[in-house]
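A.B. asks: The primary structure of each chain is shown beneath.
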Amino acid sequence: MLETATNKPPVDPQIEEEKSTPLFSEVWKSFRKNKLALIGALIVIFLILLAFTASFFAPEGINEQKLSMRLQPPSADHWFGTDDFGRDILSRVMYGARISLRVGFIAVMGSIIIGTLLGILAGYYGKVVDMIISRIFDILLAFPSILLAIAIVAILGPSLRNALIAIAIVNVPNFGRLIRSKVLSLKEEEYVVAAKSIGMKDSRILFHHILPNSLAPIIVQGTLSIATAILEAAALGFLGMGAQAPEPEWGRMLSDSREYIQDAPWTVIFPGVAIMLTVLGFNLLGDGLRDALDPRMKH
Amino acid sequence: MLSYATRRVLMLIPVLFGMSLIVFSIIRLIPGDPAQTILGTKATQEAIQSLHHALGLDKPWFVQYVSYLKDLLTGDFGTSIRTNAPISQEIWPHLAATMELSFVAMIIAIFFGINAGIISAWKQNSIFDFTAMVIALIGVSMPVFWLGLLEQWGFSLELHWLPSIGRDNIRNAVNPITHFFLIDTLLQGRFDQFWVVIKHLILPSVALATIPMAIIARMTRSSMLEVMRSDYIRTARAKGQRMFWIVYKHSLKNAFIPILTVIGLQTGLLLGGAILTETIFGWPGIGRYVYNAIQYRDYPVIQSGILVIAFFFVMINLIVDILYAVFDPRIKYR
Amino acid sequence: MKKILLMALSIVFILSIALTGCSSNESSSGSGGSKKQTTLVFGRGADSTSLDPAVVTDGESFKVTKNIYDTLVEYKGQTTDVGPGLAESWDISDDGLTYTFHLRDGVKFHDGTDFNAKAVVFNFDRWMTGKKSGKFAYYPSMFGGFKGDKGHIIESVTAKDDSTVVFKLKRPSAPFLKDLAMSPFAIASPTAVKKYGKDYGRKAAVGTGPFKFKDWKSKDTITLVKNDDYWRKGQPKLNKVIFKVIPDNTARLNALKNGEIDLMDGVNPSDIESLKNNKDLELFYRPPMNVGYLGFNVEKEPFNKKKVRQALNHAINKKALIDSFFAGAGEPAKNPMPSNIAGYNDDIKPYDFDLKKAKKLLAEAGYPNGFKTELWTMPNPRPYMPAPQKIAEAIQANFKKIGVDAKIVTMEWSTYLEKVSKGESPMFLLGWTGDNGDADNFLYTLLDKDAIGSNNYSRYANDKVHELLIKAQSETDENKRNELYKKAQVIIHEDAPWVPLVHSKPALVGKKSIEGFKPHPTGSDKLNTVYFK
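Residue numbers (numbering that gives the first Met the number 0), protein chains in the order written: chain A, 0 to 298; chain B, 0 to 333; chain C, 0 to 532.
Since the hints were made in silico from the structure, they are not lab data.
Cβ coordinates follow ideal geometry from the N, Cα and C atoms, glycine included.
Take these hints with a grain of salt, some might be off.
Negatives, chain A to chain C, calculated, CB over 12 Å [stated by the list, open to error]:
| hint | residue |
| --- | --- |
| 1 | I38 |
| 2 | L70 |
| 3 | Q71 |
| 4 | W78 |
| 5 | K195 |
| 6 | R251 |
Pairs of lysine-lysine residues, derived as BS3-like cross-links and limited to a Cα-Cα distance of at most 25 Å, are as follows [unchecked claim]:
| hint | chain 1 | residue 1 | chain 2 | residue 2 |
| --- | --- | --- | --- | --- |
| 7 | C | K275 | A | K65 |
| 8 | A | K65 | C | K299 |
| 9 | B | K122 | A | K32 |
| 10 | C | K299 | C | K399 |
| 11 | C | K299 | C | K418 |
| 12 | C | K304 | C | K356 |
| 13 | B | K198 | C | K216 |
| 14 | C | K358 | C | K371 |
| 15 | C | K117 | C | K236 |
| 16 | A | K65 | C | K355 |
For each label pair, taking beta carbons as the anchor points, the in silico distance ranges come out as [said to hold, decoys possible]:
| hint | chain 1 | residue 1 | chain 2 | residue 2 | range |
| --- | --- | --- | --- | --- | --- |
| 17 | A | S180 | B | L68 | 30 to 36 Å |
| 18 | B | P59 | C | K470 | 45 to 51 Å |
| 19 | B | S87 | C | P171 | 48 to 54 Å |
| 20 | C | T475 | A | E63 | 55 to 61 Å |
| 21 | A | G125 | B | P85 | 40 to 46 Å |
| 22 | B | S66 | C | K107 | 40 to 46 Å |
| 23 | B | L71 | C | G196 | 22 to 28 Å |
Put together the whole structure using the sequences plus the hints.
C.D. replies: Okay, structure coming up:
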């Protein structure tokens, strides 16, 4: 759905003029000036590279146990030290990037797709449909998200995949509401009214006018949501309701090693730093994108 | 105005109703059998059957739902399967514990957040500004549970400054009246205990406050910067008045709306984050109460517990919305 | 501006001074200063479910009720041998069908009413007629059912006079006395049970034990106070016992290190090493009465082949497991029951850790390249296996070396039990804590074909074993009975439905000043002899 949205459809030049989405070069210009955003982008790029190259660069595999080498402090051989199985923490943290990014991206993609669908239905068709969908959003938003996620994982059983699903579901209303309000405001715009009056089909209006115009806020919200999703996945992992051993998910690593915090603090410090940096990266990038793409969204 | 409030309250009814339905069906979907959990490995199949019957779990789910709703409307939250105690009695101490923790966390967040924000804006681009904003940026991205672990490690395990778990001294327990221990100890004139309770509150509430504090600081700073550019301030500045307090007063007024927003948004996060904080700091709060109930498949506790949490969340949002309408005339109510 | 900064700084400064200042009085107020400490705070992982021992099955409840109530006969010291309790002595008829108990005189319940033969009869009547309520879970599993059931072994319980109770059995039962010593069959005050009805066990708990129930803050603390009229003179030595719930093992240990509690169970094995060097704390080990094992579903491919099961028996390094994840606090297991239980067969030679042999056996069974399977593991620590997830990981790594690729699967506890008992898992970690210290309670309960669908999760059925176990149940001659169990263990060893992993000695840790604490193998302790130096 997003791909269709990015391919700019051929539209009436008159209508084109009305659009407010800034051009890429402008966005880049204002983004470039924002140092924090650049740092964020760098962190994210670094993490993505790390995730893709973990299998080449990680000093050891994620699951090579050497019980004789348990809980070694950081050293030249093991930069981040070893955990209670004698596994190299640096390698596990590197592989962990892969897991967290995957969870973040896929969960948010899922929320975007479902949220957009529901949001459009609610906003475009209004009335009863809107009523029902909006109430569902209200209800979902009335639960603290981590609690709802826990309940969903409890149904599906604890695993990384199910945690991902739960996080996706929990974040649907955020996107749904965003799209709904965007659709509501766009519906009143002249060019949409015009398109409707010349008998353009609903689907065409949606895909050619409304979706492309909603893209900016989705990208911004999406980037920020990746940060939240990664944090939520780590929290679920920490509670034992996400990734299962021996997956090197950061939250899981934290809860597995917290009993060693006094004797081997490095087992707790490094996974935590990894979570924080990742979340920070996406937050900075998201903020930067928001400032560049849609200055009005600023507080 | 009044009609707006009324409408908002009326809109809550279907939401609450839907919530009860969702919660009810969610927990019936959770695999696992409370009877098996209660009776454990030693149970005979017969014993499990008869416990099912005693608990009413062998009836169709809508029958269970209707009788649950009926009880709920009469203020009966049901009985815990695991402990056999009425939930309405059990839940309050836990709820109060969480509320006290969240409240203190919010106070910390607001106090430090606003002040950091104002000073940062006032001394824009100074070292303070830079440091505060870096801290705020990191704070927004902080995994609360990790911060909690580090705090506990540093301040209680290594330095022994603060207690690591719980709300009060177990040997010299607070005699609960309202179950808000800060209030209870004061009511009883036990200032020694009051101090102990405060000490127990520090670590978990700071952990919990981190994210909202960072957000408030950032929001206050940006709204402050706008204020500083306003004519009003320029005039004041030109007149050579004692600037700091003018700015302070003025921006406090302006900061109110963003803070309201944050409170509304963050209460949910606080209640959620409380599950993690409560795990780490052994805080006997409602998050932990419900989380444990999920582990034990204690259906009545899960459903009533989640409902109570959600109810509070919804109520706080309602109050925030209404306050918005009162304080910000720009908001139009449909 | 500077003023503000200064102000902020000084606030921080004052606060930190105040905090450090008060940290010093924390430790002194914690233990009550120089006076001898008389309150014990026992930290544990979960709350009790009820203080009516007859209706519960969980150890957390028994931990408390054992201090409120007494049983007719009691386990002696740290063994499961039976000695006098509320009954001073007893006679057994030659046919093993009549037990006559002579009760202690002058014992009173905490509510002031008399303990006598009528009270004993009342309690047994209450349990054996309680089928409908579905409440009394332990009674039928130990005494073969409720009154009127076919398997029920108790014919009648009668009060001959005020201090004599007579039990008539339908058929001889070797473990009968041991059963009576179990915590669930403790004698409660009939007056209190009748008075409180449904609320008994939550609002009130009245027995004859060393401590009286004072109050219960749900999911938090249970407070017991000294029973001044306890029939063992000079006991208990403590004035107050508080059971405090701290769900998280690490948080609980932190609380102990900080002086907030005095004694705790559920120590992470990983912490034991550093605790050994801690001058303020002392470790206590509970003698093992359990087994932790890796079970195979013998009905499922490829575990229906004996050679595959034996191969996997050779592929696990039990010693390394115990050193790493039990911190050495466990014995490697070779039989399904621990060595301190009568009938244990010590002549059995364990399957040694030998990957070559394992590979060879696998090849002989037709799997030279191994196979893919699942390894199910428990979601949370159990007494017999304190770190099931980590043990699963280590076993997974072991199996990988002989080409067996096992995926770790876990789920919520009750679902886990249910699915494993239905035979859905190919390979699973589980364990068992004995109830009464009798071999029957391990071998028959866990591996007899009668127990398939309940506790025989391997679905192992061997008619010879069955015959031996049934015969042993009514054999009253101790030696002959032990021989039968030894024979059964030989067959079970050869068939290898499990990999018996470990008999763990769960560790407890407490303040150095604690004296007279002797952890009992059943998992719940009477604290009447405990005091602080």
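A.B. asks: Each hint needs a verdict: does it hold in this structure or not?
C.D. replies: How the hints compare with the structure:
A/I38, annotated as away from the interface, keeps every beta carbon of chain C farther than 12 Å; the closest lies near 28 Å. Under the 12 Å C-beta cut-off, the non-interface status given to A/L70 relative to chain C is violated; the minimum distance is some 9 Å. Every CB of chain C lies more than 12 Å from the CB of A/Q71, the least distance being 14 Å, so the non-interface label holds. Taking the minimum C-beta to C-beta distance to chain C, about 23 Å, the non-interface status of A/W78 holds against the 12 Å cut.
The beta carbon of A/K195 sits about 52 Å from the closest Cβ of chain C, which is more than 12 Å, so the claim that it is off the interface holds. Not every C-beta of chain C lies more than 12 Å from that of A/R251, the closest at about 10 Å, which undercuts listing it as non-interface. Proposed proximity of C/K275 and A/K65 is supported: the alpha carbons are some 24 Å apart, at most 25 Å. Taking the CA atoms of A/K65 and C/K299, the gap is near 32 Å; set against the 25 Å cutoff, the hint is violated.
As the CA atoms of B/K122 and A/K32 are separated by approximately 22 Å, the hinted pair is consistent with the 25 Å bound. Proposed proximity of C/K299 and C/K399 is supported: the alpha carbons are some 20 Å apart, at most 25 Å. Between C/K299 and C/K418 the CA atoms are separated by roughly 14 Å; this keeps the pair inside 25 Å, and the hint holds. Between the alpha carbons of C/K304 and C/K356 the distance comes to roughly 16 Å, so the proposed pair stays at or under 25 Å and holds.
Among the hinted pairs, B/K198 with C/K216 is consistent with the structure: their alpha-carbon atoms are about 22 Å apart, no more than 25 Å. At most 25 Å may separate the alpha-carbon atoms for a hinted pair to count; C/K358 and C/K371 meet this at roughly 15 Å. Between C/K117 and C/K236, the direct Cα distance comes to roughly 30 Å. Violation of the 25 Å bound is thereby established for this hinted pair. Our distance criterion of 25 Å between C-alpha atoms is met by A/K65 and C/K355, whose separation comes to about 20 Å.
Separation of A/S180 from B/L68 is about 33 Å and conforms to the stated range, judged on CB atoms against 30 to 36 Å. Taking 45 to 51 Å as the suggested C-beta distance range, the pair B/P59 and C/K470 conforms, at roughly 48 Å. The hinted window of 48 to 54 Å between B/S87 and C/P171 holds, with their beta carbons roughly 51 Å apart. At roughly 56 Å, the beta carbons of C/T475 and A/E63 sit within the given window of 55 to 61 Å.
Taken as a hint, the range 40 to 46 Å holds for the pair A/G125 and B/P85, whose Cβ atoms sit roughly 45 Å apart. The supplied range of 40 to 46 Å is met by B/S66 and C/K107, whose beta-carbon atoms lie about 44 Å from each other. With their beta carbons about 26 Å apart, B/L71 and C/G196 fall inside the hinted range of 22 to 28 Å.
In the structure shown, a violation is registered for the earlier hints numbered 2, 6, 8 and 15, in ascending order.
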